[in-house]
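Novice: Sequence:
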Amino acid sequence: MSNQLPVINLMGPTASGKTALACELYELGHFELISVDSALVYQDMDIGTAKPSKAEQTRYPHHLIDIITPLEVYSAAQFVEDACALIDDMHARGKTPILVGGTMLYFKALLEGLSSNLPSADYAVRAEIEDKAAREGWEAVYAELCAVDALAGQKFKVSDKQRIIRALEVFKLTGQPITKLQAEQPKNVPYRYTFHNHALLPDRVELHQRIEKRLEIMWSMGFLNEVERLIEKYDLDENLPSMRSVGYRQALEFLKKSDKSLNKKQEMEDKALFATRQLAKRQYTWLRSLQESHKIQTYFTIKQAQENLRNCYG
Numbered sequence: 001m002s003n004q005l006p007v008i009n010l011m012g013p014t015a016s017g018k019t020a021l022a023c024e025l026y027e028l029g030h031f032e033l034i035s036v037d038s039a040l041v042y043q044d045m046d047i048g049t050a051k052p053s054k055a056e057q058t059r060y061p062h063h064l065i066d067i068i069t070p071l072e073v074y075s076a077a078q079f080v081e082d083a084c085a086l087i088d089d090m091h092a093r094g095k096t097p098i099l100v101g102g103t104m105l106y107f108k109a110l111l112e113g114l115s116s117n118l119p120s121a122d123y124a125v126r127a128e129i130e131d132k133a134a135r136e137g138w139e140a141v142y143a144e145l146c147a148v149d150a151l152a153g154q155k156f157k158v159s160d161k162q163r164i165i166r167a168l169e170v171f172k173l174t175g176q177p178i179t180k181l182q183a184e185q186p187k188n189v190p191y192r193y194t195f196h197n198h199a200l201l202p203d204r205v206e207l208h209q210r211i212e213k214r215l216e217i218m219w220s221m222g223f224l225n226e227v228e229r230l231i232e233k234y235d236l237d238e239n240l241p242s243m244r245s246v247g248y249r250q251a252l253e254f255l256k257k258s259d260k261s262l263n264k265k266q267e268m269e270d271k272a273l274f275a276t277r278q279l280a281k282r283q284y285t286w287l288r289s290l291q292e293s294h295k296i297q298t299y300f301t302i303k304q305a306q307e308n309l310r311n312c313y314g
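Heads up: the sequence shown at position 273 corresponds to 273 in the working numbering, and the numbers run straight through without jumps.
Some hints could be false.
[What the hints assert, rightly or not] Dumping the calculated DSS-like pairs for lysine-lysine here, alpha-carbon to alpha-carbon at most 30 Å:
#1 Lys213 / Lys161
#2 Lys161 / Lys132
#3 Lys233 / Lys161
[What the hints assert, rightly or not] Pairwise CB distance ranges (calculated):
#4 Arg282 / Gln306: 21 to 27 Å
#5 Gln306 / Arg229: 35 to 41 Å
#6 Asn308 / Arg59: 21 to 27 Å
#7 Gln43 / Cys146: 37 to 43 Å
#8 Asp82 / Ser53: 18 to 24 Å
#9 Asp203 / Gly94: 34 to 40 Å
Honestly, the hints are just simulated from the structure, not real lab data.
In this text, all values refer to a predicted model and were calculated from it rather than measured experimentally.
Heads up, the beta-carbon is just placed ideally off N, CA and C, and yes, glycines get one too.
Modelling step: build the complete structure from the supplied sequences, incorporating the hints.
Specialist: Have a look at this one:
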């Protein structure tokens, strides 16, 4: 811990146990926690995001939880701005920040910086792109991207839906390919920090078991009731970033568009389980990509991570 302005990044796929691990480190007394989770930023979305309970947040305070409504948008650029302000404040008070979560885009933005002056997300443009995908398929949307930004087409696959949306969005808003703008614009990298990167990567079979158990708990805690309350409180639709969170999109579709039969309910639960497994798969892929550019200490069991992190920071 001798390096100036250290920042500990604790990454991992959903349900890997990273939050519990960060809370253990918090108990040592010289740390503060910053959430790196694009779903935990939303108020009133508690059960489906596996958000720490009020009691847990009182004992282990997390920054960047419950900061916007489900109708608002929170970008990676906003995360970097907020996180850097928090990190600076913690260092000024003699604390070491632990950034914990599974939104790898946020970690990448913090570690590598973001191109400046790219346009903010535009909800209407994104909805237009997604409407085309619903009508014509993602292959047609991908073909449109390749036509206006061949380099992005080479970098992305048809399955990279969010990246395709963002690239097309930037082109529609600026008339310029996102790859050209990214190459031209300087990046704002917070060089004043020394990042200590750690990743918890359980065996896939074990992780799938943990995911299944988490979803069982989620249903038993009344997740559907939570989504019903969200529908009553907010004017929600499936194109909102908040409703793209795994579980919420499937529950919203079930409650708004199905006959709510037991068969449809089981189908919805199966879709949510599949979507969560796919999220974990994407998180593994992100982590492998980050490992190519950054030194990341990887742990395959929670016990291994506990022992090493306590030895490093205890």
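Novice: Look at each hint and say if it fits the structure.
Specialist: Checked hints:
1. Lys213 / Lys161: Answer holds: Lys213 to Lys161 is near 28 Å, not above 30 Å.
2. Lys161 / Lys132: Cα-Cα ~12 Å, so holds.
3. Lys233 / Lys161: holds, 29 Å
4. Arg282 / Gln306: 21 to 27 Å: holds, 26 Å
5. Gln306 / Arg229: 35 to 41 Å: holds, 37 Å
6. Asn308 / Arg59: 21 to 27 Å: Hint holds: Cβ distance 24 Å, inside 21 to 27 Å.
7. Gln43 / Cys146: 37 to 43 Å: holds, 39 Å
8. Asp82 / Ser53: 18 to 24 Å: holds, 23 Å
9. Asp203 / Gly94: 34 to 40 Å: holds, 38 Å
Of the numbered hints given earlier, the model fails none.
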